[in-house]
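A.B. asks: Note that the protein sequences, when read in sequence, are chains A and B. Per this note's numbering, the very first residue in the first sequence carries number 1; after that it's consecutive. Per this note's numbering, the very first residue in the second sequence carries number 1; after that it's consecutive.
For the record, the hints were derived by calculation from the structure and aren't laboratory data. A few of these clues could be false.
DMTMM-like, lysine to aspartate or glutamate: derived pairs with alpha carbons at most 25 Å apart [claimed, not checked]:
(1) Lys-42(A) - Asp-24(B)
(2) Lys-57(B) - Glu-3(A)
(3) Lys-42(A) - Glu-44(B)
(4) Lys-15(B) - Asp-63(B)
(5) Lys-57(B) - Glu-5(A)
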Amino acid sequence: QKEVEQNSGPLSVPEGAIASLNCTYSDRGSQSFFWYRQYSGKSPELIMFIYSNGDKEDGRFTAQLNKASQYVSLLIRDSQPSDSATYLCAANAGGTSYGKLTFGQGTILTVHP
Amino acid sequence: GAGVSQSPSNKVTEKGKDVELRCDPISGHTALYWYRQSLGQGLEFLIYFQGNSAPDKSGLPSDRFSAERTGGSVSTLTIQRTQQEDSAVYLCASSPPPGTTQYFGPGTRLTVL
Numbered sequence: 001q002k003e004v005e006q007n008s009g010p011l012s013v014p015e016g017a018i019a020s021l022n023c024t025y026s027d028r029g030s031q032s033f034f035w036y037r038q039y040s041g042k043s044p045e046l047i048m049f050i051y052s053n054g055d056k057e058d059g060r061f062t063a064q065l066n067k068a069s070q071y072v073s074l075l076i077r078d079s080q081p082s083d084s085a086t087y088l089c090a091a092n093a094g095g096t097s098y099g100k101l102t103f104g105q106g107t108i109l110t111v112h113p
Numbered sequence: 001g002a003g004v005s006q007s008p009s010n011k012v013t014e015k016g017k018d019v020e021l022r023c024d025p026i027s028g029h030t031a032l033y034w035y036r037q038s039l040g041q042g043l044e045f046l047i048y049f050q051g052n053s054a055p056d057k058s059g060l061p062s063d064r065f066s067a068e069r070t071g072g073s074v075s076t077l078t079i080q081r082t083q084q085e086d087s088a089v090y091l092c093a094s095s096p097p098p099g100t101t102q103y104f105g106p107g108t109r110l111t112v113l
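For reference, chain A alone in the conformation it holds in the complex:
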């Protein structure tokens, strides 16, 4: 069983639409959650992190965390073609291995003009 699962893709949205990316995790000890974006052939780059239940907004991006449901999401408003990439959700391990991140398989997002 995967520890971090992301909604199956690929996801295709028109330019200007809202893209919704979802992620669930199995380790109830996880405290920190991260969304990374990875362009083809490049390394992952951080978009947002979230530690507390609720919403966290940064520009066009909103991360949502629900620890009771073990669910994390990322909303991208006013999607642009430049947002087309693979989005990786990650959760830190609980307990003494809290430094270790477990990544989901990624969701490929395509924003078409």
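Using the hints provided, position chain B relative to the given structure of chain A.
C.D. replies: Frame of chain A, contents of chain B only:
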């Protein structure tokens, strides 16, 4: 400031040879991580170092893989007797304390012929 650097950027080797991959973390970051990403796959955790503590080696796939971190800074990932299934992009990341945002290097693409 300078980001995480990795060398070489590409490595082609023959099956059975040993390879060494180098990672130079962001100055001042105490935690260093190695991941592997096979084509079209998510990130697979390999090992992480935190300060002078014993590394978390729980992700190393076999005893052919080892890593060290000298002086709390530069790290070397060594793969002995390489196999074709070792072909992947090896990514290094660093973070201030563990459990916080990880910043990735550009990766080393390893091809085992």
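A.B. asks: Okay, which hints does this one fail, numbers in order?
C.D. replies: none
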